[in-house]
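Asker: Following the hints, complete the assembly by docking chain B onto the known chain A.
Quick note, the sequences are listed as chains A and B, same order.
When we follow the numbering used here, the leftmost residue of the first sequence carries the number 1, and every step to the right adds one.
When we follow the numbering used here, the leftmost residue of the second sequence carries the number 1, and every step to the right adds one.
No lab work stands behind these hints, which were simulated from the structure alone.
Just so you know, even glycine gets a beta-carbon here, dropped at the ideal spot from N, CA and C.
Be a bit skeptical, because a hint or two may be false.
Incomplete in silico selection of chain B near chain A, CB under 8 Å [stated by the list, open to error]:
no., residue
1, 35
2, 36
3, 40
4, 151
5, 166
6, 168
7, 194
8, 209
9, 217
10, 244
11, 247
Computed Cβ-Cβ distance ranges for the label pairs, DEER-style [to be verified]:
no., chain 1, residue 1, chain 2, residue 2, range
12, A, 8, B, 140, 29 to 39 Å
13, B, 24, A, 4, 28 to 38 Å
14, B, 244, A, 61, 44 to 54 Å
15, B, 180, A, 10, 16 to 26 Å
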Amino acid sequence: MIGKILTTLGPWGPVLFGFGFLAPLIAQVIERTGATPPLGLSPLMVGLIVGPLLGLSAKLRGRWL
Amino acid sequence: MSSAMEVLAKGELDDDIEAVAAPSDRDLARQELTIARRYIGPFPVIMAAWGLGNLTCWLALWPLTISGVLPPWVAFPIATLNVILCYLPSHEAQHSNYAKSGAPLRWLNELIGYVSTIPMVLPFKLARMTHMEHHTHTNNPELDPDYGVKADTWWQAIIEGIKRRQPGRNDSYAQTLKRLGDDPVVRRTGLEAAIQVLAYWAILAALAWSGYAIEAALIWWLPRNIGVTYISLMLSWAPHFPNPERGRYRNTRYFKARIGNILVMGMEHHIVHHLHPGIPLNRNAAAFREMRPILEARGCRFETL
Chain A
1 MIGKILTTLG
11 PWGPVLFGFG
21 FLAPLIAQVI
31 ERTGATPPLG
41 LSPLMVGLIV
51 GPLLGLSAKL
61 RGRWL
Chain B
1 MSSAMEVLAK
11 GELDDDIEAV
21 AAPSDRDLAR
31 QELTIARRYI
41 GPFPVIMAAW
51 GLGNLTCWLA
61 LWPLTISGVL
71 PPWVAFPIAT
81 LNVILCYLPS
91 HEAQHSNYAK
101 SGAPLRWLNE
111 LIGYVSTIPM
121 VLPFKLARMT
131 HMEHHTHTNN
141 PELDPDYGVK
151 ADTWWQAIIE
161 GIKRRQPGRN
171 DSYAQTLKRL
181 GDDPVVRRTG
191 LEAAIQVLAY
201 WAILAALAWS
211 GYAIEAALIW
221 WLPRNIGVTY
231 ISLMLSWAPH
241 FPNPERGRYR
251 NTRYFKARIG
261 NILVMGMEHH
271 IVHHLHPGIP
281 LNRNAAAFRE
291 MRPILEARGC
301 RFETL
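Same shape as in the complex, but just chain B:
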């Protein structure tokens, strides 16, 4: 065979390899989607009950403590747990996992989104907008609003988180709104966020000057600071560490947590969430078990924390 023929033959062979590889890639995508669809759809009752139940528990602490039924030092760890637990139900609402726009239960989706994060004072629309930016630009130092959590160790992540909340520091969520421009939706989001945060400080001051400063400190102010630190560590730092890659299958990971999946708030299977945000948290583990061979074939990260 002449060299020209050899080159031609090799070219044909490469084409054949690609022809075989391409359907394989499509097959993987199809299998992944088939599995995902089995977990998307049914109303996530557990997450809704979690969100509203957690808020009810936190709200109940106020009359119980102010009336003297519950000592503030007992309310404090409960309130801290409430703050830690309040984000994830709202997170489902950010992805419209309770009800899509236009669906009959849409009001419930928005209600859970708005009220469940009252203990941590996270305005819902701001959370939704910045979280979508996180999904779109995961691990991009310039565009991912959660990139600031990047740190080499868990304790450095805690310290960095505290540093980010010091006076005068640039707020990455405010920066994101600024970057998204002068759009009516963005303006409305910023306005709602400002009102909610101002309301928090006003309520805190009103309680304090009414003689309930210790109760306000132990049910809201301190728990909020501790809870936000914990949430940032477990929901932002742990699943994306060490934040170097941006590909669909590499920008987050599966990790086996030594402290257990409950203490990392289900984030072991965060990769499933990034691939298919429509799957509610309480179904991520089962979806992951089914998807595992596909994720391995895709070269996803399987690590230990």
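Just chain A, same shape as in the assembly:
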């Protein structure tokens, strides 16, 4: 069961991390620094766009850095 979960989700780990952790992290950093997101986006919307995109990029390139 756990093995199946890991096998299925494992390759999508970076994207899930982008959504599950980076998105709220980016949003909260924007809020705490008082930065104004462009195009009238809310901090959370910026997080939800940037976080999963960073994750997808990491998944496709095979590296975060």
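Answerer: Leaving out everything else, chain B in the frame of chain A:
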């Protein structure tokens, strides 16, 4: 004397030399063991207090930071130190140095092993199993789970360590479990490891979506990444560099660290640990000082880092 007699005489002489050398080898082994036994046994209170105290400190950072008592930027270096310090007490538990199997305090051994590495998210059974493989196959490129740290310089070791943790890379610990086969103990180890790692990611996401992403990043996620890099450098790369030899007395080394034994987390005397894993870390230096003449006679490596 005829040539046949000379050969015979030489053969007898060689036998005599071996007869003298063999007891010497046994004597060295006996002396080494006698010294080792003096340091093995008493409950390593310092290591136990270190493990539980370090965990308590790290756990305390959460309410202190979330309640606003401690700014996250203050918690961050403390948490990083906690991660760096969390492995070694668990390492003693991996070798059952708090209590052997069946002993009354065995539960404490396992407790320290399981909980002390929570900050670095290292599942205990996985750590124990792969560490035993490291001891059995030290410096074997195929079988030593820690061989991946091999690098020519310390900064290359850091870069290689970061590369190993990138998405899609083969995890040497997972590979080791796979190699060890379809055994119930191995399966249980893998299951426990998977649950603990999944729990880490789930807790991190739950904290982040509850409004504590910065706290989670600065107390757990970033410190874990920095700490694992530091631990890998000091505990795996430094003592075994340059990883070419496999003999009992040559697969690791004594090294004089220019930055001091504390910053290399006591690894100057790592050779004592490989020879006698039952000696706790806090007694390795004293054991080394006593064993030094024996280790020199054995041709051990004495180097500088």
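Asker: Any CB of chain A closer than 8 Å to the CB of residue 217 of chain B?
Answerer: holds (6 Å)
Asker: Have a go at the residue 166 of chain B hint: is there a Cβ in chain A nearer than 8 Å to its own Cβ?
Answerer: holds (4 Å)
Asker: Does the Cβ pair residue 24 of chain B, residue 4 of chain A satisfy 28 to 38 Å?
Answerer: Violated, at about 59 Å.
Asker: Just tell me: holds or violated, for the beta carbon distance of residue 8 of chain A and residue 140 of chain B against 29 to 39 Å?
Answerer: Holds, at about 33 Å.
Asker: Kindly confirm whether 44 to 54 Å is satisfied by the beta carbon distance between residue 244 of chain B and residue 61 of chain A.
Answerer: violated (34 Å)
Asker: Let's test the interface hint: is any C-beta of chain A closer than 8 Å to that of residue 244 of chain B?
Answerer: violated (29 Å)
Asker: Under 8 Å, Cβ to Cβ, is where residue 36 of chain B needs to be relative to chain A, so tell me if that hint holds or is violated.
Answerer: violated (41 Å)
Asker: Is the hint on residue 35 of chain B kept, meaning its closest Cβ partner in chain A is under 8 Å away?
Answerer: violated (46 Å)
Asker: Hint check: is the beta carbon of residue 209 of chain B less than 8 Å from a beta carbon of chain A?
Answerer: Since chain A brings a Cβ to about 5 Å from residue 209 of chain B, closer than 8 Å, the hint holds.
Asker: For the pair residue 180 of chain B and residue 10 of chain A, does the Cβ-Cβ distance stay inside 16 to 26 Å?
Answerer: At 20 Å between Cβs, range holds.
Asker: Against chain A, with CB atoms and a cut of 8 Å, does the hint on residue 40 of chain B hold up?
Answerer: violated (38 Å)
Asker: Report holds or violated for the interface hint on residue 151 of chain B, using the least CB-CB distance to chain A and a cut-off of 8 Å.
Answerer: With a closest approach of 17 Å, the residue 151 of chain B hint is violated.
Hint compliance for this structure: hints 1, 2, 3, 4, 10, 11, 13, 14 are not met, and every other hint is.
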